[in-house]
Amino acid sequence: MNQSVFRLTLPILFGYLPLGMAFGVLFTTQLDYPWWAAPAMGILIYAGAGQILAVSLLAAQAGLLEVFIAMFVLNARHLFYGLSLLGQFHGAGWRKAYLIFGLTDETYSLLTSRARSADRHHEQAVDFRITFFNQCYWVVGCALGALLGANVAFNSSGIEFALVALFIVLTIEQYKALADAFPVIAGAAAAALAILVLPEAHQLIGAIVVVSVVLLIQYRKLRHSAGAGGADHG
Amino acid sequence: MADTGYLAGFIAVAAVATFLTRVIPFLFFQRHTEHPLVRHLGRYLPAAVMALLATVFLQRSATWNSSLPGLDALLPAILVVVVHLWRRNALLSIASGTIAYMAILQLDLIQV
Chain A
1 MNQSVFRLTL PILFGYLPLG MAFGVLFTTQ LDYPWWAAPA MGILIYAGAG QILAVSLLAA
61 QAGLLEVFIA MFVLNARHLF YGLSLLGQFH GAGWRKAYLI FGLTDETYSL LTSRARSADR
121 HHEQAVDFRI TFFNQCYWVV GCALGALLGA NVAFNSSGIE FALVALFIVL TIEQYKALAD
181 AFPVIAGAAA AALAILVLPE AHQLIGAIVV VSVVLLIQYR KLRHSAGAGG ADHG
Chain B
1 MADTGYLAGF IAVAAVATFL TRVIPFLFFQ RHTEHPLVRH LGRYLPAAVM ALLATVFLQR
61 SATWNSSLPG LDALLPAILV VVVHLWRRNA LLSIASGTIA YMAILQLDLI QV
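Protein chains in written order, with the UniProt record's numbering: chain A, 1 to 234; chain B, 1 to 112.
In case anyone wonders, no lab produced these hints; they're calculated from the structure.
Be aware that one or more of the hints could be misleading.
As the list claims (entries may be wrong) - Partial pick of chain A residues on the chain B-facing surface, computed with a CB cut under 10 Å:
# : residue
1 : Leu-44
2 : Ile-45
3 : Ala-194
4 : Ala-207
Stated by the list, open to error - A few chain B residues that don't get close to chain A, going by computed Cβ distances all over 10 Å:
# : residue
5 : Pro-69
6 : Leu-85
7 : Ile-110
8 : Gln-111
As the list claims (entries may be wrong) - Some residues of chain B that are not near chain A, with every Cβ distance over 10 Å (derived):
#  : residue
9  : Asn-65
10 : Ser-66
11 : Ser-67
12 : Leu-68
13 : Leu-71
We put the CB at the ideal spot given by N, CA and C, even for glycine.
Just chain A, same shape as in the assembly:
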């Protein structure tokens, strides 16, 4: 099982190592804290954009209330991810808390895209390993970056494109599984709108809110036509 999980998470490895290292380098070069605080943040917080923002908040000695609000708002898109996984995580027992804790953009994309058998318990065990492997890559990246500081040995610039490529591949897979282009077009259009009208820090959450509203309208329309057919039971 670990081998197939590793294969599945390989693109995340290529995305998380350089991004984690970018954070680690930033952390040790910008701040006067011990290097191991960087991987500690990877273990306890585990949020890419959040941790990179945290470096500037730490440098500014921001108040803790401000830190709370900034981190909550920056990660608010996660509020929507659980909605697709309520059933999948149901009855996961002791694993559930960690599955929820580890729900990053990339883990969400893997967990909602992969093929599943009817054995829910087994699938939850696989989900757990995927989540754990991904976090390991992230923490190792944070630690390596913090240790290397500014002296990065090889030119890895651009390797973070692996995450963009992963999202493209998963979009194609989602489209093929659904056989419906509507959510893909709605998602891309919402992103384009957000890019045009919002500052970078608010684009993801703005786009997710827009696309959720669009899906809500689609839901009401579908239900309305189903209701007209006489099959509506509240």
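On the provided structure of chain A, position chain B as indicated by the hints.
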């Protein structure tokens, strides 16, 4: 001047805020797993979010103020799509796109 107490408090607050964003749907919607709206979102939201993440991060990977705006990221992205539709091997698609992007960036193949 590194204040370890402040750092510990900072990490604790950041960890709680981040975890809250992930746990809230499970706290408030767990009883409604079978609700048709939740099922509708569960079915369509992942595809929408994936397209959205691809669009946003693709836009951020690209250089838009060059003579060929955005091509440094758009060409590798098209390569990913073509390779994936051709072979449908996720690792191959991702590797070819990433290597193409790194080459363009590091060898400055598309002049800014």
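How the hints compare with the structure:
Checking A:Leu-44 against chain B: minimum C-beta separation of about 5 Å stays under 10 Å; hint holds. A hinted interface residue such as A:Ile-45 counts as satisfied when its beta carbon comes closer than 10 Å to some beta carbon of chain B; here the least separation is about 5 Å, so the hint holds. Proximity of A:Ala-194 to chain B holds as hinted, the smallest CB-CB distance being about 7 Å (cut-off 10 Å). Here the hint on A:Ala-207 is kept, as its CB sits about 5 Å from the closest CB of chain B, short of 10 Å.
For B:Pro-69, the requirement that its beta carbon stay farther than 10 Å from each beta carbon of chain A is met, with the minimum near 14 Å. A beta-carbon of chain A comes within 10 Å of the beta-carbon of B:Leu-85; the shortest separation is about 7 Å. A cut-off of 10 Å between C-beta atoms confirms that B:Ile-110 is not in contact with chain A; the least separation is 12 Å. For B:Gln-111, the requirement that its beta carbon stay farther than 10 Å from each beta carbon of chain A is met, with the minimum near 16 Å.
Here B:Asn-65 stays apart from chain A, with its beta-carbon at least about 15 Å from theirs, past the 10 Å limit. With a least beta-carbon separation of about 15 Å from chain A, B:Ser-66 lies farther than 10 Å from that chain, consistent with its non-interface assignment. The beta carbon of B:Ser-67 sits about 20 Å from the closest Cβ of chain A, which is more than 10 Å, so the claim that it is off the interface holds. In this structure B:Leu-68 is separated from chain A by more than 10 Å, as the shortest Cβ-Cβ distance comes to about 17 Å.
The beta carbon of B:Leu-71 is kept farther than 10 Å from every beta carbon of chain A, the shortest such distance being approximately 14 Å.
When held up to the earlier numbered hints, the structure conflicts with hint 6 and nothing else.
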